[in-house]
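Participant: Heads up: the protein sequence lines correspond to chains A and B, in order. Terminal number for the first sequence in the working numbering: 402, no gaps in between. Terminal number for the second sequence in the working numbering: 234, no gaps in between.
If you're looking for bench data, these hints aren't it; they were derived computationally from the structure. Keep in mind that the hints are not guaranteed to be accurate.
Calculated lysine-lysine pairs in the DSSO-like style (CA-CA distance at most 30 Å, straight line) [stated by the list, open to error]: (1) K249(A) with K94(A); (2) K307(A) with K22(B); (3) K126(B) with K307(A); (4) K93(A) with K253(A); (5) K319(A) with K126(B); (6) K25(B) with K389(A); (7) K188(B) with K234(B); (8) K319(A) with K77(B); (9) K77(B) with K142(B); (10) K192(A) with K120(A); (11) K319(A) with K22(B).
Going by beta-carbon spacing under 7 Å, a handful of chain A positions derived as facing chain B [stated by the list, open to error]: (12) G16; (13) D204; (14) I311; (15) K318; (16) I396.
We put the beta carbon where it would ideally sit given N, CA and C, even for glycine.
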Amino acid sequence: MDIIEMIRVAFSSIAGNKLRSALTMLGVLIGVSSVILLVSITTGFKEFLISQFSGMGTNLLIVNPGRTETRRHGGPGLAGVRDLTIDDVNALKKRATAIEGTTPLIVGTAEVKYLSRARKVAVLGVDEEFTNVINMQVFTGRFFSKEDASSARRVCTIGQTVKDELFGNENPLGKFIKIGTSRYRIIGLMEKKGTILGTEDLDDLVIIPVISAQRLFNTEALFGIRSKARSRFVIEEAKRQITEIIKKKHGNKEDFTVITQQAMLSTLDSILKGLSTTLAGIAAISLLVGGIGIMNIMLVSVRERTKEIGIRKAVGAKKRDILYQFLVESIILSLLGGITGIMLAFVGTVITSMLVPQIPPLLSLWSVLLATVFSILVGVFFGVYPAYKAAQLHPIEALRYE
Amino acid sequence: MPEPEKRMEPLINLHNASKVYKIGKLYINALKDLNLIIESGEFISIIGPSGSGKSTLMNIIGFLDILTEGSYHFRSKDVSYLEEDELSGMRNREIGFVFQNFNLLSRTTAIKNVELPLLYAGADRKRRQYLAEKAIETVGLKQRQLHNSNELSGGEIQRVAIARAIVANPQIILADEPTGNLDSKTGKEILETFERLHSQGRTVILVTHDPAVAEKANRIISLLDGRINRDVRK
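Please model the entire structure based on the sequences and the hints provided.
Facilitator: Here it is as structure tokens:
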């Protein structure tokens, strides 16, 4: 039998029961749109997290004191762990060829005062390569030079929030602020970075030379070291070099940890993949329920149209003609539900991105294709049994049915 | 001698035909050892009270059902125990049905109803349309062909059904009480249509319980309790 004629018959049957068809499609519609919407939202969330992490700078390597995986070398607690020092940083700068920049890092909080205004802010102690390693640039003024860093001059750069809170509309460059007990001259204003993951405000900080920070916090130990690999292809090589160089300085003990940004990203990626699969799976259950709805309605339709099946068989329809006719109808029902579901999901992503503009959902092509294929499969799977029942009807009994 | 040889090959040859239905635990012998030969081009009425086996005989002749015992030869071919889909093919090619309660598809135009047998015969769209228009013209309904079946009168519906029965040019027109639901004037027109189809060379078989209708045919077969009671040729 002619496929176009079958599609025409299916549409006229669907149109003949508009409300019922619409309600049946609703099941598939909700299933498809929730699958697509949830996948889009998690994909958007993932992109957001990745951009937040890469916002810190690409090809970043993080060196932290202590072993995170094992304490075998250190005995109980962190007793045997040697601190990371400026010496380690200098060794890296001199010998690690896969690295194009390295900065020591000290993090603390201190009270910062300008005239009568005071604010407790995060204080970073770094050296002149900081802006090269971490993706934070000076907005006006300048960052400190190698001389500033090594001679522990009392100069600093401040973030936008600190500037707004302490200076208002005043130009902070060249002004002196009090950090802890010492006076620092402001030489630069950092560009606005916003928050990372909605918590830490990267604009609410003051950056000073690392040696000044060591004095301020009265410590020789570094919070950590940050390095940047020359390219993303040598990240593993850079990690190997850093490990070797610092290990040598620490008496052949690996009492520190090197983390690559990529390792962090791939961990993040696998967590989100799991999350998105779980959510899509839950949404797929509603698609299953939608399929059962289709099967239900198709069974009703077969019963209602028993007479029609009898007439068709009397004039020569074979079993497969009837089977295909009802199968085409259930596929079209399901597909129409699927297509409207895709459109609804599209509207949903637009609304979501208006409500949460920071984390816009990403409508991916594969989720749309998958949903389309899935709704066809639902139509076939849940349409086969009713269509088979219709095909098996005996013509005489079907004709007699009122 | 070619003449008698031709008669040796009847269109329909039922030999010792029996049909037993099982309803619950009850067995009903709808046809009992029935023998019937129908030649091509005959105009036959099958008459009898309800329960006499008229409908069963019609279903057997029309390939809607198969025998329990005995044989059915159609153009010398044994068609007694064909599979369901083979029977569908036979119905499609050889039989044009006209039912008492019309049996048109609802929500479907007259022309689409007439096209139906051609659809299952595998004719393409153009050919279906051409033949359906021709058939609907034969029954004089060309101006009503795009109306849905629920917009037509009883007589018009039966004429659409006749158009559907002749569209694939089958050898046999099998009509089950075709005038049963029509007023006498319309019924007369319908019967005239059957007479015209017969005069064009088709085999027409009318199943009826109305002696006045049966009178139109050239041969009247009376059934009683699943057997042929009388077989009268005019």
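Participant: Does each hint fit the structure? Answer for all of them.
Facilitator: A quick look at each hint next to the structure:
1. K249(A) with K94(A): OK: K249(A) and K94(A) at ~13 Å, within 30 Å.
2. K307(A) with K22(B): holds, 22 Å
3. K126(B) with K307(A): holds, 28 Å
4. K93(A) with K253(A): holds, 20 Å
5. K319(A) with K126(B): Roughly 25 Å between the alpha carbons, so the hint for K319(A) and K126(B) holds.
6. K25(B) with K389(A): The given pair, whose Cα atoms are some 25 Å apart, holds under the 30 Å limit.
7. K188(B) with K234(B): Answer holds: K188(B) to K234(B) is near 20 Å, not above 30 Å.
8. K319(A) with K77(B): It holds: about 23 Å lies between the C-alpha atoms, which stays within 30 Å.
9. K77(B) with K142(B): violated, 38 Å
10. K192(A) with K120(A): Roughly 19 Å between the alpha carbons, so the hint for K192(A) and K120(A) holds.
11. K319(A) with K22(B): holds, 24 Å
12. G16: Holds, about 5 Å.
13. D204: violated, 71 Å
14. I311: holds, 5 Å
15. K318: Check passed: Cβ of K318(A) comes within 5 Å of chain B, closer than 7 Å.
16. I396: Where the cut-off is 7 Å and the nearest Cβ of chain B is about 5 Å from I396(A), the hint holds.
Consistency with the previously given hints fails for numbers 9 and 13, ordered from lowest to highest.
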